[in-house]
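Number of protein chains: 4
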Amino acid sequence: MSGSTFGKLFAVTNFGESHGPAIGCVIDGCPPGMELSESDIQPDLDRRRPGTSRHVTQRQEADRVEILSGVYEGRTTGTPICLLIRNTDQRSKDYSEIAQTFRPGHADYTYLQKYGLRDPRGGGRASARLTAPMVAAGAVAKKWLAQKYGTVFRGCMQQLGDIAIPFESWDHVPNNPFFAPVADVSHLEAYMDGLRKSGDSVGARIRAMATNVPAGLGEPLFDRLDADIAYAMMGINAVKGVEIGAGFASVTQRGTTHGDSPTPEGFRTNNAGGVLGGISSGQDLEVSIAIKPTSSIISPRESVDIQGNPVEVVTKGRHDPCVGIRAAPIAEAMLALVVMDHALRQRAQNGDVVPPMKAIPGSIR
Amino acid sequence: MSGSTFGKLFAVTNFGESHGPAIGCVIDGCPPGMELSESDIQPDLDRRRPGTSRHVTQRQEADRVEILSGVYEGRTTGTPICLLIRNTDQRSKDYSEIAQTFRPGHADYTYLQKYGLRDPRGGGRASARLTAPMVAAGAVAKKWLAQKYGTVFRGCMQQLGDIAIPFESWDHVPNNPFFAPVADVSHLEAYMDGLRKSGDSVGARIRAMATNVPAGLGEPLFDRLDADIAYAMMGINAVKGVEIGAGFASVTQRGTTHGDSPTPEGFRTNNAGGVLGGISSGQDLEVSIAIKPTSSIISPRESVDIQGNPVEVVTKGRHDPCVGIRAAPIAEAMLALVVMDHALRQRAQNGDVVPPMKAIPGSIR
Amino acid sequence: MSGSTFGKLFAVTNFGESHGPAIGCVIDGCPPGMELSESDIQPDLDRRRPGTSRHVTQRQEADRVEILSGVYEGRTTGTPICLLIRNTDQRSKDYSEIAQTFRPGHADYTYLQKYGLRDPRGGGRASARLTAPMVAAGAVAKKWLAQKYGTVFRGCMQQLGDIAIPFESWDHVPNNPFFAPVADVSHLEAYMDGLRKSGDSVGARIRAMATNVPAGLGEPLFDRLDADIAYAMMGINAVKGVEIGAGFASVTQRGTTHGDSPTPEGFRTNNAGGVLGGISSGQDLEVSIAIKPTSSIISPRESVDIQGNPVEVVTKGRHDPCVGIRAAPIAEAMLALVVMDHALRQRAQNGDVVPPMKAIPGSIR
Amino acid sequence: MSGSTFGKLFAVTNFGESHGPAIGCVIDGCPPGMELSESDIQPDLDRRRPGTSRHVTQRQEADRVEILSGVYEGRTTGTPICLLIRNTDQRSKDYSEIAQTFRPGHADYTYLQKYGLRDPRGGGRASARLTAPMVAAGAVAKKWLAQKYGTVFRGCMQQLGDIAIPFESWDHVPNNPFFAPVADVSHLEAYMDGLRKSGDSVGARIRAMATNVPAGLGEPLFDRLDADIAYAMMGINAVKGVEIGAGFASVTQRGTTHGDSPTPEGFRTNNAGGVLGGISSGQDLEVSIAIKPTSSIISPRESVDIQGNPVEVVTKGRHDPCVGIRAAPIAEAMLALVVMDHALRQRAQNGDVVPPMKAIPGSIR
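Chains as they are written, first to last, in the numbering used here: chain D, 1 to 365; chain Y, 1 to 365; chain S, 1 to 365; chain E, 1 to 365.
Some hints here could point you the wrong way.
[Said to hold, decoys possible] Reference listing, derived: stretches of chain E covered by chain Y, where coverage requires no fewer than 3 residues with Cβ under 8 Å from a Cβ of chain Y:
(1) 24-38
(2) 334-348
[Claimed, not checked] Here are a few chain E residues that sit away from chain D, every Cβ distance over 10 Å (derived from the structure):
(3) D193
(4) T256
(5) D320
(6) P356
Hints are computed from structural coordinates only; laboratory data are not their basis.
For every residue, glycine included, the Cβ atom is placed at its ideal position computed from N, Cα and C.
One chain only, chain D, in its complex shape (with noise of 0.2 Å):
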């Protein structure tokens, strides 16, 4: 209940700060007899971590997953899941001049408001980092999801900064450090390459999305599941907004543009992103967040110190230029928990339901 906790049944309780000696997570709720191993997390780890392009940041981290209990002979138990990551690169640079100061747009300023005391170093609990033992935790609930309900979870980049990035194929996803889907990034490259010169940062808008969710999936009032997704995207480090569906778009629609038509073909459009009602569809999850700018930049701003001094902020050190870059992982695993969570939800209260109707075609239930 204190912020550190995701899910009602499927639980994850996160722990560990940017550059203390570990990270990892507690995952509460899990079925049990799941075939789990390290290396049903790992690959989604490594699409995350740090290092591994030169438009992120180049900290060095292996990011290796340690599964601490839960498992017995290759099997979840159904008891608590402990993913441990150590941090291995933690450089010891002085932290005291960061800690004397605010970067505009940080959390400094208000983690000392709220606690009187913070951990300066990379960021401490308010580091991106963070987000890596959620991305652990949802490879598990992809797994489960996979194999139950064959849900399938992808991210995307949509927007960099100024560019927009037409949607040509999931398959090139992973072929370029962009998780862009185009074939050729070499304008992305070439854009990044000139805002790492300029010292700045720059937005980035994501796309994920989950093919094959149940029907029936979310409650209805609060709870929903639009809702708890919109609560899971916007925790996600340096998230500003979320959409689903049309989102903004569905301002200007009218109604009878707007509704999605059942037929028996399937539904015709899907401006709902896959929900009505805070109640999944069986349509595929469509979701759409905006993250801004790194605050941990090298260009001099304007700040005070704790004093109320005017100073100006330089903040170096390594830090990804758009953290929007890594983010279609997190965004995928932040989506898979919230759907998991849900999945068990529903069969605890609604374990018993049969429809009585015909289900809309392309949707599973």
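We have chain D already, so just place chains Y, S and E on it with the hints.
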């Protein structure tokens, strides 16, 4: 945990259906000793209630609230406050047709998939009528926060379908049926008159904000203040998108622009929307939401019936042609409930904290 | 989370005070499709209600329950069920004296310490009257569990003050005002008549049990079935002790005696009371609770007033001389609520589990 | 919510199995700024750890705790504190036999019913070894409560099998392996030597208490302080009964005797055990628990195997002949965790309350 309780410490449990005998909520965790009577709550309910102009549903509901518990001799006792609102204008129309077909864009289909049955009268639990108890609960939160911190919550319309509405002044908001912050709303009236005539519906964009929010509210990882706001807003009927501060505009911003510089005179800008690292900074909370067009419209649309046969759906009855019109007080209330919950959480954990720095001018703690 | 909601998935939120306009509860998470009407709930309320014999409080309350939501055409819809019970016999007596002094053994003092004010009318929120909504909610749980698993809940009195009551048969329990499992209760009636005359009160020991409880309910570490039962029972007004199975007798037992041997014909004994390692075994749940003597008595006692001055306290008004007399249906209901919650939790996580072994005869799954 | 997290605001998530690589916990919600190092935690772990006398299991575990997060420069940061304890003495014995049969009185059977599989090594998750992380977390709670309110927690043995142990002094407790409050424990040693020789086990009764507990902690209806204590205690392995204050003795008490009279010099008695109406009175919390005899014993017993065939079960290996012997520090820790959680909850809701009356002498607030 089953989706009808909102909040962790200031917990509001909502009940009722659109055409059942009553709707209401139970507020658990309200601090004791606050003067409270129905007259503190009724004004906000009156702002939200239907039938107050020709641009909204013509259903006539007084939305009279009755306090059933938790108040003794005019003061809150710290025990649960039950607020009851009797439904009075449930037309005894025939719902057999609506029960057999699915409105495109409506929760008809997903409720049946989830529960195997549904209350079709006026949308049952899926009706936006269920926001009334939240507005009532929000009024209680608003009063406490106003007394404790001077916090003020406001909401207005930013866009009605194709028409962007510039911000002139909060003073105009109570003077027109659209919650529009402009003096002249004749073009909005004409727009809505045309829309009603066309038998169609349209979306809207709503802004909610709070001033005098103490710094330090929110949690670092999950249960962030912005994440909980996103959850609350996406939980309002028909919402498809949520932005905090610069929102999706932050995608194209540079770090040098986006970061709000603290200065001895205050923050230079508010791209953050009052939240940094999930924790309030003391700046105004700024939220913007996208509301989709109403799915219950008289225009005929393609759909299927329960047997999966193609049908044409026409929805008669009393419906808002733009549910966004009455959404401003709802968004305010949800925002107030989030802030209230976090205000209590903050003093639970950090009641002894004395921040080591000078506060940025313009922010409170 | 603020203490008025019971259960995680079958969550009952209780509201009201002894002399307020109404008491009631909201049940969230009830499975849909179950036939439910007031007549399913009223019988258990009638078993608990006051004024039915000379041995209990003479307050006359019909305890008529009204279903305000969550039921459509006679079936649960899966949405919150609000149950309302209007208070009718609140005597307009003067509570100014009771408000100025502290009854020894009563919550008067602690409520004031906690909240700074309290509703002194009939004990306010501290009244055992607030168990009525739990009995109502328990009736809903009982019905679902009976239909699903054939589970049956029973309660009876084991001891009344100094008088131990041997177990003869469950058949006797409904036939006397004490819920005593004996044919002849004349000695209990004489005992109570003498007690009332003396102006004193006395404690009692109550047994609650459940048969046909599926094996596998409960969690290993916290939220154990026995821990949740202990929580539920200790939450009943005036309870000071809880035992599962052999309870305190297990202190002097040897391991060779205590362990209930499974055999091809069933378990030999039930010292475990149906719970092993926090998880139900399929044996009967056996619970025993200690109820303290009523603290509102007419006999004068030493105390202090609000100013800290010594006073003699005499409590007039209508009170049960032994609150244990009406406790059996309450204990049953609380036990049913615990089992219900865990039945839903169990299928959430373990809905796919097929145990690899033969079930011990006499237990169900 | 899945049963491995304890507490609402001071939330402890436990993970691990008896013979897995590690056990531990994550404490979320600890107030920031408190000095904390392993040396604050290790002493309580040392009191609980195995292998320290011939009367307990001979498993050798150093139970060295490592703080992985949540502490910076020797102070808590307010973010999650992960405590890790590596298992070191897991014997590589053959568990195939224990995996095929059910020990009477053990969780073997119920784990298989629940999960379909189980980790049989040393009892897996059902092992009392999992109380070690709770003792560690309890040490953190104790330190904060001691600094804030001067609260002190103590535990001792009241009865060992047939032998009642009179209370002489808390000073004796640390001086003998039984946590017995007596100077001479030679009779207890002889008793245990005989028991071990007999191959049997025995139960115990343990007392836990707290002094300097602020008045006002606990909730009126559920989440009562006594209910949460009962939940916590019944959650300790092998506990079958819980009493608060007079406990089961209150069954035969009269109201004139049971009610603890407040006087200008303090309360006359403490039959309430420090809790009235679910809320702390400021008197000492007094708790007593019954611990059943160990189910893993060398004496042969009747049982069945997985195929349902009758077998004779003999449990070799290293086991405590009386698990109650090491239970005192566990009970203390669980009590401290409950008080800690409620201390935070209390100031969340009632941080502004000023009680209108004079405090009873001897109680704090």
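Verification of the hints:
Taking a C-beta to C-beta cut-off of 8 Å, the segment 24-38 of chain E contributes 5 residues in contact with chain Y, enough for the three needed, and the coverage statement holds. Here the segment 334-348 of chain E counts 4 residues with a CB under 8 Å from a CB of chain Y, which clears the bar of 3, and the coverage holds. No beta-carbon of chain D is positioned within 10 Å of the beta-carbon of D193(E); the least distance is around 36 Å. With a least CB separation of 42 Å from chain D, T256(E) remains clear of the 10 Å interface cut-off, as annotated.
Every CB of chain D is more than 10 Å from the CB of D320(E) (nearest about 22 Å), matching its label as outside the interface. P356(E), annotated as away from the interface, keeps every beta carbon of chain D farther than 10 Å; the closest lies near 31 Å.
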